[in-house]
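Letter by letter, the chains look like this.
Protein chains: 2
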Amino acid sequence: MHRHLKLGIFGFGIVGQGLYRVLEETRGIKAEILKICVKDKNKKRSLPAKYFTFEKEDILENPDVDVVLELIDDPEAAFEIVKTAMQKGKAVVTANKKMVADHMIELYEMQNDYNVPLLYEGACCASIPIIRNLEEYYDNDLLSAVEGIFNGSTNYILTKVFSEQKSIPEALAEAQNLGYAETDPSLDIEGFDAKYKLCIILTHAFGLFVDPSDITNIGMHKISDFDIKIARERGFKIKLVAKSRKIDDKVAAFVIPQFVSENSELYKVEREFNAVIVEGAFSEHQFFIGKGAGGYPTGSAVLSDISALTYNYKYEYKKIQQANDLNISSNIELSIYLRFNNSTSIDKKLFNSILEEYKALENQYIIGKINFGKLIESRWADDPEINIILLENNETEN
Amino acid sequence: MHRHLKLGIFGFGIVGQGLYRVLEETRGIKAEILKICVKDKNKKRSLPAKYFTFEKEDILENPDVDVVLELIDDPEAAFEIVKTAMQKGKAVVTANKKMVADHMIELYEMQNDYNVPLLYEGACCASIPIIRNLEEYYDNDLLSAVEGIFNGSTNYILTKVFSEQKSIPEALAEAQNLGYAETDPSLDIEGFDAKYKLCIILTHAFGLFVDPSDITNIGMHKISDFDIKIARERGFKIKLVAKSRKIDDKVAAFVIPQFVSENSELYKVEREFNAVIVEGAFSEHQFFIGKGAGGYPTGSAVLSDISALTYNYKYEYKKIQQANDLNISSNIELSIYLRFNNSTSIDKKLFNSILEEYKALENQYIIGKINFGKLIESRWADDPEINIILLENNETEN
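Quick note, the sequences are listed as chains A and B, same order. Reminder that position 179 of the first sequence reads as 179 in my numbering, one-by-one numbering, no gaps. Reminder that position 194 of the second sequence reads as 194 in my numbering, one-by-one numbering, no gaps.
Same shape as in the complex, but just chain A (with noise of 0.2 Å):
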């Protein structure tokens, strides 16, 4: 029952390195690497020329790679790096959480026309178990809320915002420096990194095939001095997060920053690190905290799914099965607080209800309640001159 696997990997940068050292420090598990492919015929390595081939082929066409570990950066050229591996009847392990959210249906059905797995736990929250838990111990407790912070980024400059005083600028430039941020940081400080997370999230935990387009991320991008001035008068700080939640036959789910007070669970959760809240029926409320992001914390998580395939693991998708009649809905209320200058013009009667109006030389806010595909339909979100943040105990059944 213990196989003895042979690796081909594709992509040797942190994480790939981060897996390597692990692979090497660890007794007890049955796997080599055979063959690591990398683009950069230039890039000096540090381990000897045999590992390396520049040849996709050295490993998809190879009978002895057992399991093809992605690692690269590029969705597209790893989809079909992985469509390849799995057609020649090779386990994959993935951490790319793009190629994964864009491509989940023809993955799962992939996995059932090649009868050969495919596991990604890296490629959400690194080092929270958070699919391997939703696969194997919420299986059949019915879930009702899974939300978060799943982005290490956009949680690093927040918290040096909030803690340090710092400005967004500053917080981003520091982020970079560190390596917690890329050069483009877009993909995360507008959400859609978190976004593709809780696409998988969706899958796994209620059983739903989302197309990341259907799933609006607001970001963190628009975030102002004056905004995190009004946050630290109310003694709040400003969470990137991404929620989901069932009610009834309807899921809603979304990114968006949050005002998050001490009383939340959220407030502690600083840096690098990512949480993730669930709720069941059952197993009622459970609170993880982990690093999200670096080599060694996704190397741990691939190590993990290694580890799970000597032993034949594979995703079993039971909420699928149970999905019946669920839909993603945009159709819930909100609680949001909107800022804008003077000269943008906002159409109140889209709110169901207005709580308070703030307006000064040059910042306006609204805080209210606004039925959320209202919200979607508005268009403010693509504005550069308008912010919105939730509030806390923000969401209620329309």
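The hints are simulated quantities; they were obtained by calculation from the structure and are not laboratory data. Any given hint might turn out to be false.
Said to hold, decoys possible - Away from chain A, derived, C-beta distances all over 10 Å, residues of chain B:
no.	residue
1	Gly89
2	Ile128
3	Leu142
4	Ser224
5	Asp248
6	Ala308
7	Ile332
8	Ser335
9	Phe351
Stated by the list, open to error - As a list, the in silico EDC-like pairs of lysine to aspartate or glutamate whose alpha-carbon atoms are at most 16 Å apart:
no.	chain 1	residue 1	chain 2	residue 2
10	A	Lys369	A	Glu357
11	B	Lys268	A	Glu164
12	A	Lys30	B	Glu316
13	A	Lys268	B	Glu76
14	A	Lys56	A	Asp40
15	B	Lys222	B	Asp383
16	B	Lys88	B	Asp64
17	B	Lys83	B	Asp113
18	B	Lys229	B	Glu164
19	B	Lys30	A	Glu316
20	B	Lys83	B	Glu109
21	A	Lys268	B	Glu262
22	B	Lys268	A	Glu316
23	B	Lys39	B	Asp64
24	A	Lys318	A	Glu333
25	A	Lys359	A	Glu385
26	B	Lys56	B	Glu76
27	B	Lys88	B	Glu109
Even glycine gets a Cβ: it sits at the ideal position worked out from N, Cα and C.
Chain A is already provided as a structure; the job is to place chain B on it using the hints.
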């Protein structure tokens, strides 16, 4: 691969009834209850009489029963039931932490000898899936520590003391009224319950078989109003914590009350919630919170085990193979608060160093560093006039 399971249940108390309701409400799980064996013939039952039997053999000798759920209180009667069930080739799910901790070696060997699984997620912090995560996610990580709040009763009592300014006797009475503490609460307040769970975790985290009598449990039952006053003055709460830490080839493990500041993740773990902190070389730092007691949370853990059995799951105990020269040791230095009164004689020379001393008309305390082995030998923990509380950031290699 999806077996349809037929269950025989021993015990129909809080957990049994919680599980029954959980099974009733869960679609998709292929399991049915054949028989429930109980002791009390006169107790009114919420189910029709046909479900119940008073004869063990109606379950244990019944070839139709695949899985025995052992949900009774008496650990020795429980062990006899479990042993018989396994000898007869039936899989077993239990929630009895004392029984599992006291008989771990035998239970491990019986799983091998009779080739049947024994699962016990519900024995260890109810709905925090710690055993499953140690087995599945951390199986190859180099763990350095597992610790936390493992007992819901004592955490409920201490929450009432520190958050509502109740005295310990008041808080205990309230906990008993609400069903969070037993009529005889000594197993909880003296730290035995937390210790049994710690022993189970030591097997899965570090591969050690530990007799509970070899692990020191210092309870919360001697915490006085004076101790509470000192804690409050210094901005601390007191929590009853279970700790295990590996340093080189030694593992130190014990249960003890600890001063906890708001900087600690444990500070906000309140009421009947439990928490587990895992530190590993690769996953780095993980934190789980969940309800540690109650019919539904424990029932959800049992449900998760039943669900796993439909896939022929069993614990692999991988760390046992890796344990090698690992031993339980008390050769570490702890920073403690030792409170006593003027009629007690304390041999101060047992301390490696004394940081603070206080003496008043009724109470005295010493805060200092002491070798854990010397602390055990001193028998101060057995003296009703002496209380011991661990300081935060307290362990260093001796």
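For each hint, the structure was consulted:
Its beta-carbon lying about 19 Å from the closest one in chain A, Gly89/B satisfies the requirement of being farther than 10 Å from that chain. Chain A draws Ile128/B into its interface by the beta-carbon criterion, the shortest separation being 7 Å against a cut-off of 10 Å. A Cβ of chain A approaches the Cβ of Leu142/B within 10 Å, the least distance being about 7 Å, so the stated non-interface status is violated. The beta carbon of Ser224/B is kept farther than 10 Å from every beta carbon of chain A, the shortest such distance being approximately 30 Å.
With a minimum CB-CB distance of about 15 Å to chain A, Asp248/B clears the 10 Å threshold, and the non-interface call stands. Interface exclusion of Ala308/B from chain A breaks down, the closest Cβ pair being 7 Å apart, not more than 10 Å. Interface exclusion of Ile332/B from chain A stands, the closest Cβ pair being 24 Å apart, more than 10 Å. For Ser335/B, the shortest C-beta to C-beta distance to chain A comes to about 24 Å, beyond the 10 Å cut-off, and the non-interface label holds.
Distance check on Phe351/B: its Cβ is at least 34 Å (rounded) from any Cβ of chain A, clearing the 10 Å threshold; non-interface status holds. Of the pairs offered as hints, the one joining Lys369/A and Glu357/A holds, with about 12 Å between alpha carbons and a cut-off of 16 Å not exceeded. Between Lys268/B and Glu164/A the alpha-carbon distance is near 23 Å, which puts this suggested pair outside the 16 Å criterion. As the CA atoms of Lys30/A and Glu316/B are separated by approximately 14 Å, the hinted pair is consistent with the 16 Å bound.
Restraint check: the Cα-Cα separation between Lys268/A and Glu76/B comes to about 44 Å, which exceeds 16 Å; the hinted pair is violated. For the suggested pair Lys56/A and Asp40/A, the alpha carbons sit about 13 Å apart, so the restraint of at most 16 Å is met. Among the hinted pairs, Lys222/B with Asp383/B is consistent with the structure: their alpha-carbon atoms are about 9 Å apart, no more than 16 Å. Restraint check for Lys88/B and Asp64/B: satisfied, since their Cα atoms lie roughly 12 Å apart, inside the 16 Å limit.
Taking the CA atoms of Lys83/B and Asp113/B, the gap is near 11 Å; set against the 16 Å cutoff, the hint holds. The hinted pair formed by Lys229/B and Glu164/B meets the criterion: a straight-line CA distance of about 14 Å does not exceed 16 Å. For the hint linking Lys30/B to Glu316/A, the alpha-carbon distance of about 14 Å falls within 16 Å, and the restraint holds. Restraint check for Lys83/B and Glu109/B: the C-alpha separation of about 11 Å stays at or below 16 Å, so the hint holds.
Restraint check for Lys268/A and Glu262/B: the C-alpha separation of about 10 Å stays at or below 16 Å, so the hint holds. Straight-line distance between C-alpha atoms of Lys268/B and Glu316/A comes to about 35 Å, which puts the hinted pair past the 16 Å bound. The straight-line distance between the Cα atoms of Lys39/B and Asp64/B is roughly 22 Å, outside the 16 Å bound, and the hint therefore fails. For the suggested pair Lys318/A and Glu333/A, the alpha carbons sit about 30 Å apart, so the restraint of at most 16 Å is broken.
For the proposed pair Lys359/A and Glu385/A, the alpha carbon gap of about 15 Å is at most 16 Å, so the pair holds. Annotation: proposed proximity of Lys56/B to Glu76/B holds, straight-line Cα distance about 15 Å (limit 16 Å). Between the alpha carbons of Lys88/B and Glu109/B the distance comes to roughly 15 Å, so the proposed pair stays at or under 16 Å and holds.
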